[in-house]
Amino acid sequence: QKEVEQNSGPLSVPEGAIASLNCTYSDRGSQSFFWYRQYSGKSPELIMSIYSNGDKEDGRFTAQLNKASQYVSLLIRDSQPSDSATYLCAVNGDNFNKFYFGSGTKLNVKP
Amino acid sequence: ETGVTQTPRHLVMGMTNKKSLKCEQHLGHNAMYWYKQSAKKPLELMFVYSLEERVENNSVPSRFSPECPNSSHLFLHLHTLQPEDSALYLCASSQTDRVDYGYTFGSGTRLTVV
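Protein sequence lines correspond, in order, to chains A and B. If you're matching positions, the first sequence starts at 1 in our numbering and goes up one per residue. If you're matching positions, the second sequence starts at 1 in our numbering and goes up one per residue.
Hints were generated in silico from the structure; no laboratory data involved. Warning: the hint list may mix true and false statements.
To be verified - If we take Cβ atoms under 7 Å as the criterion, some of the chain B residues that face chain A in the derived model are:
(1) 18
(2) 42
(3) 43
(4) 46
(5) 64
(6) 99
(7) 100
(8) 102
(9) 107
(10) 108
In this text, all values refer to a predicted model and were calculated from it rather than measured experimentally. Heads up, the beta-carbon is just placed ideally off N, CA and C, and yes, glycines get one too.
Okay, chain A solo, but in the shape it has when bound (with noise of 0.2 Å):
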């Protein structure tokens, strides 16, 4: 089983701030990344996927991906109450897009 770890939470951040999200991941050979948002009680939908190297940025979200180190990360610039929610972060497995999901970090944004 690949394992993908996240920090559980809550994060707590207040409004305007930056909120930084985090994910380690076991398996060297994973391609690609993505981050889901999931609001309580609703399903999980796609924020942002990253495959290479470096900082993607969408916006108000920017994911960074460090291959040699196995992480990726979620910033949240000017972070909203709008903004609370569980982070999903997956990785790919070994083919048809199948996706390993770490459980998720609570973030609080606090008006």
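Following the hints, position chain B against chain A.
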């Protein structure tokens, strides 16, 4: 209808009942998945169907039986479940040649076994 639709949204069943969960995707994807989500645990991959052929079952107990009659529909048949099977069951779909799109999840079925 768009996206991935799951029915029912909520299900309460006794340990001796038989029920089925249904998933339908309207995205033209060629792979579908069943995941189990329990509190404070990672999403657990249960079954993968690619081009209607089951390619992974991850040692799921036989009381869970999947069926994929075509690329748009996926079922999970349930019988003689245990209380520890209570969880959120998520269906997802993807296009295997577009990894960058990841999965699209359905809204899930919240299952309670009593």
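>> A closest beta-carbon separation below 7 Å is what the hint needs, so does residue 46/B meet it against chain A?
In response: 12 Å, violated
>> Does the closest beta carbon of chain A sit nearer than 7 Å to the beta carbon of residue 107/B?
In response: 5 Å, holds
> Holds or violated: is there a CB of chain A closer than 7 Å to the CB of residue 18/B?
Replying inline: With a minimum Cβ separation of about 25 Å from chain A (threshold 7 Å), the hint on residue 18/B is violated.
> Minimum Cβ distance from residue 100/B to chain A below 7 Å?
Replying inline: 5 Å, holds
>> Does residue 108/B hold up as a contact with chain A if the rule is Cβ-Cβ below 7 Å?
In response: Nearest chain A Cβ about 5 Å off; hint holds.
> Taking 7 Å as the limit, does the beta-carbon of residue 64/B come near enough to a beta-carbon in chain A?
Replying inline: This hint is violated: residue 64/B lies away from chain A, its Cβ roughly 18 Å from the closest one there, beyond 7 Å.
> Should the interface hint for residue 42/B be scored as holding, given a Cβ-Cβ cut-off of 7 Å against chain A?
Replying inline: 5 Å, holds
>> A closest beta-carbon separation below 7 Å is what the hint needs, so does residue 43/B meet it against chain A?
In response: 4 Å, holds
> Was the hint right that residue 102/B lines chain A, CB cutoff 7 Å?
Replying inline: 5 Å, holds
> Taking 7 Å as the limit, does the beta-carbon of residue 99/B come near enough to a beta-carbon in chain A?
Replying inline: For residue 99/B, the interface hint holds, since the closest Cβ of chain A sits about 5 Å away, which is under 7 Å.
Comparing the model with each numbered hint stated earlier shows that hints 1, 4, 5 do not hold.
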